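*Asks:* Generate coordinates for the entire structure from the input sequences, incorporating the hints supplied.
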Amino acid sequence: PTELDLVEKQPCSFNSSRVCECRPGLFCQLTVTNTCSRCQRHSACKPGFGVKIRGTPANDVTCEECPPGTFSDQNSSTDICKPHT
1 PTELDLVEKQ
11 PCSFNSSRVC
21 ECRPGLFCQL
31 TVTNTCSRCQ
41 RHSACKPGFG
51 VKIRGTPAND
61 VTCEECPPGT
71 FSDQNSSTDI
81 CKPHT
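Here the sequence shown is numbered in the UniProt record's numbering, starting from 1 and rising by one per residue.
There may be inaccurate statements among the hints.
To be verified - Dumping the calculated SDA-like pairs for lysine to any residue here, alpha-carbon to alpha-carbon at most 25 Å:
1. K9 to T33
2. K46 to N59
3. K82 to P67
4. K52 to R23
5. K52 to C81
6. K52 to R41
Simulated from the structure, these hints should not be mistaken for laboratory data. Note that this is a predicted model, so its numbers are computed, not measured.
*Replies:* Rendered as structure tokens:
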């Protein structure tokens, strides 16, 4: 990835190398030692689906179909299903 896709997770020290991870909103698609060679944008859940497990620098978002009594009316990588009001 470009350097802009990465943030420093752990600085180097006398006994360890610098560790980088994908910046917020991205996850690592291809891990290499202490860094990531390909960051990708978190997937967006489609309308009718909400976020079940939030995306992290290491994992993509997990979506779930909105249960009865809840809804999602937009594409989102962060929103859970909302209750009908």
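*Asks:* Hint by hint, say whether it matches the structure.
*Replies:* Do the hints match the structure? See the list:
Between K9 and T33, the direct Cα distance comes to roughly 13 Å. Compliance with the 25 Å bound is thereby established for this hinted pair. For the given pair, K46 sits about 18 Å from N59 by alpha-carbon distance, which is consistent with the 25 Å threshold. For the given pair, K82 sits about 10 Å from P67 by alpha-carbon distance, which is consistent with the 25 Å threshold. Distance restraint check for K52 and R23: the Cα-Cα separation of roughly 21 Å lies within the 25 Å cut-off, and the hinted pair is therefore satisfied.
With a C-alpha separation of about 9 Å, the suggested pairing of K52 with C81 holds against the 25 Å cut-off. Proposed proximity of K52 and R41 is supported: the alpha carbons are some 17 Å apart, at most 25 Å.
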